[in-house]
Each structure stands twice: as structure tokens, then as C-alpha cells.
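Asker: We have chain D; now place chain S onto it with these hints.
Those protein sequence lines, which keep their order, are chains D and S.
The first sequence stops at residue 131 when you use the working numbering, and every number in between is there.
The second sequence stops at residue 164 when you use the working numbering, and every number in between is there.
Calculated from the structure, these hints are not laboratory results.
Misleading hints may appear alongside valid ones.
[Stated by the list, open to error] Lysine-lysine pairs mimicking BS3-like chemistry, simulated, CA-CA at most 30 Å apart:
| no. | chain 1 | residue 1 | chain 2 | residue 2 |
| --- | --- | --- | --- | --- |
| 1 | S | Lys124 | S | Lys156 |
| 2 | S | Lys156 | D | Lys99 |
| 3 | S | Lys159 | S | Lys116 |
| 4 | S | Lys159 | S | Lys101 |
| 5 | D | Lys98 | S | Lys156 |
| 6 | S | Lys159 | S | Lys119 |
These are the residues of each chain, in order.
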Amino acid sequence: SQTIHQWPATLVQPVGSPLSLECTVEGTSNPNLYWYRQAAGRGLQLLFYSVGIGQISSEVPQNLSASRPQDRQFILSSKKLLLSDSGFYLCAWDRPSSNEQFFGPGTRLTVL
Amino acid sequence: AQTVTQSQPEMSVQEAETVTLSCTYDTSESDYYLFWYKQPPSRQMILVIRQEAYKQQNATENRFSVNFQKAAKSFSLKISDSQLGDAAMYFCAYRSVYSGAGSYQLTFGKGTKLSVIP
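This is chain D alone, in the form it adopts within the complex:
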């Protein structure tokens, strides 16, 4: 069966520090991968998606970036965090032939 992992589960970082959040999927190959952010009191906002290794599409301009160094690995990064980057980050995957997206457990990021 397929599983999706995210780490860390929680993170507290000072403003201006770098960020690296990791997402990995097991039990499938060539998945589509997604990063969403959920700010307090809001719905989920799509940040990035990837249809293959090295292929990244950005939905929202910001100081975040994403990379996909391996087929089942998706990384969200920042060189310098802002206060507004605080939120809950969710990774998700699906198959092009499927109409269901599966979500990871999420990472709660607090920028102080």
C-alpha cells in the first residue's frame, strides 16, 4: 500500500533562517506531488506541484521554492523565512489516472 511521510512534524524557526521540509511517498512510482499551505482560519492554498523529477510548477509567487530530486521525494525550501510563512504545510500525491489526492500528516511551521 502507498504511504506518504512528512518531516519534521513541527518546526519553530526565527525570521531570516532557512527552511527545508521533506515529503516522501512509498509504494508507488511516478506520482504527481503537491505542496499546500494552510494558514490559520483559511483553506488550503496550492504552492507547488510536480509531475516528474526536476519538473516544478509554482502557483503563488513567494520566497519559497520546491525541488524534486528523486521520483518520490518533494522538498520545500526557503533561504530566508518571513513571519508570513507560518502555517501548516501539507504534501499530497496522486496518480494521473486517479481522481483522488492523498495527503501527508503535515508540518506545522512557526516563524518567530
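Answerer: For chain S alone, coordinates are given in the frame of chain D:
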């Protein structure tokens, strides 16, 4: 671009009673998918129910059912026999069938917080 609107930020229901959560959406597409996701306090997103726009029959999953009105672009979720474990944030989401980029991102509403009163 598609938009999804959930006009009820919060709802409450008595245990064992029925509650309906509202969702409307805007799209120019004729074929698409609609979803209801549940997010309990653990924050894990769980798929509750899905509806294909080309199907006229409303989807049902045990105590959960939808009222899909395509012409009105409305997609409400009905929870029957509410249980304490149903307390959560509920998100309505839209997904296009067609994607030139090969991926199928979801567009979410802002959510409805459901409380279940014992």
C-alpha cells in the same frame, strides 16, 4: 479560474441529528470532480466523499451523502446520525478533469468547522 465558496464558517449539530454543510463553486468547465475532505484536530486530511460531475446520481458513503446541483453549481454535504467523531473542519474541493500540465491540483474552499454537541 475556478473558485469554491463555503459560506458557513461554523456549524453545530446535536449528536444523532442531521446537518448539511453548503458549498458553491464557479467554473466554466462541463466535466470535473468535487470532493468533501474532513480535517480532524490531528490535521490529517481525509477524503469523505467524491462526486463526478457527469453523474447525475448523488454520491453516498454510509452516513455521508451529497446534494449535487450542477446547474446551480452547488454541492452540499449531509451528515446523518451525527457522531462525536464527526467534529472537524470540512473542506469542499474542486478538481478539473482536464489538465494540459498533467497534474490535477485541488481548489479548496475556506472550510466549515463542525461541532457535535453530546
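Asker: List in ascending order the numbers of the hints, as given earlier, that are violated by the structure.
Answerer: none
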